[in-house]
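S.K.: For the protein sequence lines, the chains are A and B, in the order given. Our numbering puts the first residue of the first sequence at 1, with every later residue one more than the last. Our numbering puts the first residue of the second sequence at 122, with every later residue one more than the last.
It cannot be assumed that every hint is accurate.
Think about it this way: if two alpha-carbon atoms lie no more than 20 Å apart in a straight line, the pair counts; the simulated DMTMM-like pairs of lysine to aspartate or glutamate are [stated by the list, open to error]: (1) 113/A <-> 202/B; (2) 224/B <-> 46/A; (3) 160/B <-> 46/A; (4) 43/A <-> 226/B; (5) 160/B <-> 109/A.
If you are wondering where the hints come from, they were derived from the structure by calculation, not from laboratory data.
In case you want the letters, here they are:
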Amino acid sequence: EVQLLESGGGLKQPGGSLRLSCAASGFTFSTYAMTWVRQAPGKGLEWVSSISVSGGSTYYADSVKGRFTISRDNSKNTLYLQMNSLRAEDTAVYYCAKDRITTGGTDMDVWGKGTTVTVSS
Amino acid sequence: EIVMTQSPATLSVSPGERATLSCRASQSVRSNLAWYQQKPGQAPRLLMYGASTRATDIPARFSGSGSGTEYNLTISSLQSEDFAIYYCQHYSNWPLTFGGGTKVEIK
Chain A
1 EVQLLESGGG LKQPGGSLRL SCAASGFTFS TYAMTWVRQA PGKGLEWVSS ISVSGGSTYY
61 ADSVKGRFTI SRDNSKNTLY LQMNSLRAED TAVYYCAKDR ITTGGTDMDV WGKGTTVTVS
121 S
Chain B
122 EIVMTQSPAT LSVSPGERAT LSCRASQSVR SNLAWYQQKP GQAPRLLMYG ASTRATDIPA
182 RFSGSGSGTE YNLTISSLQS EDFAIYYCQH YSNWPLTFGG GTKVEIK
């Protein structure tokens, strides 16, 4: 079964840091681009960041550029999101998602259940 | 950045009726358009990609159409499990963006 399992969410103070992880199973992780999408409480979906198969190409929403870093470890089938300089507006459920095709920059056909990040003092 | 606008925000439909949801892009996305369904407390589920291709295991009552800047998702006969929020997303270029969503509720 194709599965994505996020972890690492929690409560952080503004200015703090957090690293999210996403463990992939049931598919060849190293051959698909991957994406993080977030959803603030009661709001819609917001694309956050994507990464290519090799990790050599990364893309970010303007709202997180310079503060968040996406990375992957293909030997561990794991996707990461390092979140620094956290703000209250980063409060959201963060979903890890698999791009439908290997080249990425497309739709996402497999989603994790999400991990909740709360930024508050 | 391409802005995706969905309408209506809420659609009240009776079970068995047809529902048509709209998504407009601020510039052409050349059919690089996906639709997702999200139920409360759940992750989104991919319904449609390439504007009109159903994703794996999506029932035939879901269909997508459109081109350029205007796209529709049609549910031919609403079932109880179809009441949810639907989002469109373009993948024409970076950044990827989602529409604000259409909530399909029971009339």
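S.K.: So, for every hint listed, does it hold in this structure?
M.R.: We went through each hint and held it up to the structure:
1. 113/A <-> 202/B: Judged against 20 Å, a Cα distance of about 19 Å means the pair holds.
2. 224/B <-> 46/A: holds (17 Å)
3. 160/B <-> 46/A: holds (16 Å)
4. 43/A <-> 226/B: holds (17 Å)
5. 160/B <-> 109/A: Cα-Cα ~16 Å, so holds.
No hint from the list above goes unmet by this structure.
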